[in-house]
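Could you put together the complete structure from these sequences and hints?
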Amino acid sequence: MRCRTGDVGYQGLRRLRKTKAKLKREALVSKKNIPFIVYFAISAVSQTVIGAPFNLSFLAWIAFVPFVIASLVNEKNLTIILVSYIVGLAYWLGNLYWLIPITIPGWFVVCLYLAVYWPLIAMCLRYCVRKGVPLSLSLPILVVGAEAAWGWLFSWRFLAHSQYRNIPLIQISDIFGAAGVSFIIAMANGAISETILSVRNSVYKNSARLGNVLLILILAAALFYGRYRIEQTPQFVEAGPKIGVVQSNVPIESAKEIEPAEKTFLDMLAESRKCLLEAEPVLIIWPETMVEAILDDSYLRLLGEDSITKLFHRTLIRHADEGIYLLVGAFGGKAEIAGEQIEMKTNYNSAFLYEPNGIGPRQSYNKIHLVPFGEYMPLKDHLPFLYNFLMALTPYTEDYILDAGTEYTIFKMPMRDRIYSFGAMICFEDTIPKIGRKLTLSAASLSGDKNQNKRADPPAGEVSLKADWLVNITNDGWFVKKRGGKIKATSELSQHTAICVFRAVENRLSVIRCANTGISCFIDSLGNIKDGFSAGTLEKKALQRTGQQGWFADNISIDKRITAFSKHGQLLDIACAICLILTAVMSIYKLTRKQKVNYE
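If you're matching positions, the sequence shown starts at 0 in numbering that gives the first Met the number 0 and goes up one per residue.
Rather than coming from a laboratory, the hints here were simulated on the basis of the structure. Backbone N, C-alpha and C fix where the C-beta goes; we use that ideal spot for every residue, glycine too. Hints may be right or wrong, so weigh each one.
Stated by the list, open to error - In silico lysine-lysine, DSSO-like type, Cα no more than 27 Å apart, as pairs:
1) K540 <-> K241
2) K75 <-> K273
3) K241 <-> K75
4) K539 <-> K485
Said to hold, decoys possible - Pairwise CB distance ranges, derived in the manner of DEER restraints:
5) K485 <-> S533: 26 to 36 Å
6) P259 <-> M585: 52 to 62 Å
7) E304 <-> E406: 29 to 39 Å
So, in structure tokens, the structure goes:
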């Protein structure tokens with residue numbers, strides 16, 4: 000009996016030790032000593048200032064540390080969810096303030112959705128910690144997965160975007176996309192958090208050491224790769240043609256009126272002709288929708304010769320016939336006669352390329368990725384009873400719905416020695432990695448050549464297997480403020496430019512940005528935002544080209560490299576998103592079974 004009693008005592012002691020070890024891991028931070036709501040707030044402020052326009056990018060490497068500590072406080076799960084959601088909502092409301100002049104209801108609804116990812120990451124972190132997953136692994140997977148998920152609606156404020164000026168680090172984007180950069184930064188935050196926790200809890204010492212070693216190795220490898228890609232660039236880059244960019248300065252409230260539309264067109268034309276005469280580019284680019292007319296042939300054929308749209312069209316033909324290709328942002332669509340009225344069967348936000356042949360545009364691209372509540376209303380067809388509510392989220396007083404394009408058009412520019420090709424991203428399409436990737440290699444599918452492993456210099460008269468550059472035409476006049484007769488930029492303009500940097504690196508292509516109210520610039524294939532130009536009237540410093548009208552022209556560089564990201568896409572994003580979903584499901588399952596975990 001003694002022996003048996005001793006066995007029972009020994010087994011009971013083992014169970015007690017296991018229970019204490021489990022509680023030791025679960026009771027990470029005492030709620031009595033840590034004001035966790037303050038930690039969430041510190042993280043929110045830190046994440047606000049890491050990117051443009053504040054550019055305190057060094058804080059990105061610790062910005063999530065307070066969030067992690069707060070998420071692991073020994074508190075009720077419901078309390079963590081509510082507090083993190085409230086702070087996350089405040090974070091998004093503050094950072095997307097530039098949506099307020101467009102649509103206050105839409106701004107609030109978008110922020111309500113985006114704020115969900117704060118408690119989602121927090122609860123998944125708590126679950127991973129209980130399962131013994133190191134923070135240096137769980138945090139980057141969850142953060143990148145969350146960025147991929149909210150990027151489905153709005154690809155903004157990723158951790159990676161804070162590093163747009165860290166040229167060596169962001170070179171890994173040509174393999175993993177921006178997600179690779181976010182992953183490393185989040186890993187650093189996880190490793191630092193684990194190191195801090197290991198001071199108070201010995202359970203974390205081993206995983207903290209391992210996390211720090213892995214972080215150093217991965218960061219060193221990323222920087223080594225970045226330096227390698229930078230140093231090899233000269234042997235793959237050739238000088239391209241001279242391209243001109245015309246920047247308008249029209250705040251959106253005046254752009255909706257008829258008379259300013261005509262004035263805007265004439266102002267654009269005057270600047271464009273100055274660019275042509277002084278710089279002699281082969282291509283001149285105008286911003287999105289700065290020609291406020293439908294330029295599709297099916298519509299033009301139904302108009303009288305004295306219509307303002309026909310006048311715009313004929314003027315653009317004559318301008319291009321002066322010896323340039325002219326890319327303009329306008330509207331497209333298919334039109335038919337219905338009785339005595341012209342009925343538009345489809346409506347597009349489009350880019351048209353006028354050629355120097357006196358004929359008019361034979362190539363056009365219709366925007367594929369439309370802006371929710373700005374260009375289309377989600378769920379309108381599926382939930383018609385919500386129509387009035389959905390309309391309140393848009394900046395319009397009437398039903399203004401565009402159709403999405405379906406083809407990734409590659410514009411071709413035949414020259415004497417070769418045919419140049421490029422893709423055009425309209426508005427926020429440059430924030431969507433898939434759009435840039437598809438436009439980069441669509442030239443190969445057009446040529447019928449499936450061998451995309453190496454970019455060859457094409458013989459004269461043939462299109463290359465890779466686009467020569469990308470263009471982003473955008474109307475950021477939505478996001479400026481008019482004060483005292485002057486136009487002031489919001490943070491949207493610089494943040495939009497920073498995001499575009501990653502499309503250049505991911506696909507090893509120069510990107511030309513042409514924006515109403517700014518920021519118009521060249522971004523090279525390494526992600527450098529180029530200051531200066533060979534000729535022009537805009538500010539020399541690229542990021543200062545806001546709230547001004549003018550033009551500039553310079554030679555574009557053409558990078559011959561085809562990247563792994565261009566060919567294979569967002570594999571890391573997808574993998575992390577799947578892990579996030581699975582972890583969330585398991586965390587929710589555990590939460591429903593046990594509403595409160597008593598850690599003390």
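Now for the hints, and whether the structure bears them out:
no.	hint	in the structure
1	K540 <-> K241	holds, 19 Å
2	K75 <-> K273	violated, 66 Å
3	K241 <-> K75	violated, 62 Å
4	K539 <-> K485	holds, 20 Å
5	K485 <-> S533: 26 to 36 Å	holds, 29 Å
6	P259 <-> M585: 52 to 62 Å	holds, 56 Å
7	E304 <-> E406: 29 to 39 Å	holds, 31 Å
Violated hints, in rising order: 2, 3; the structure is consistent with all others.
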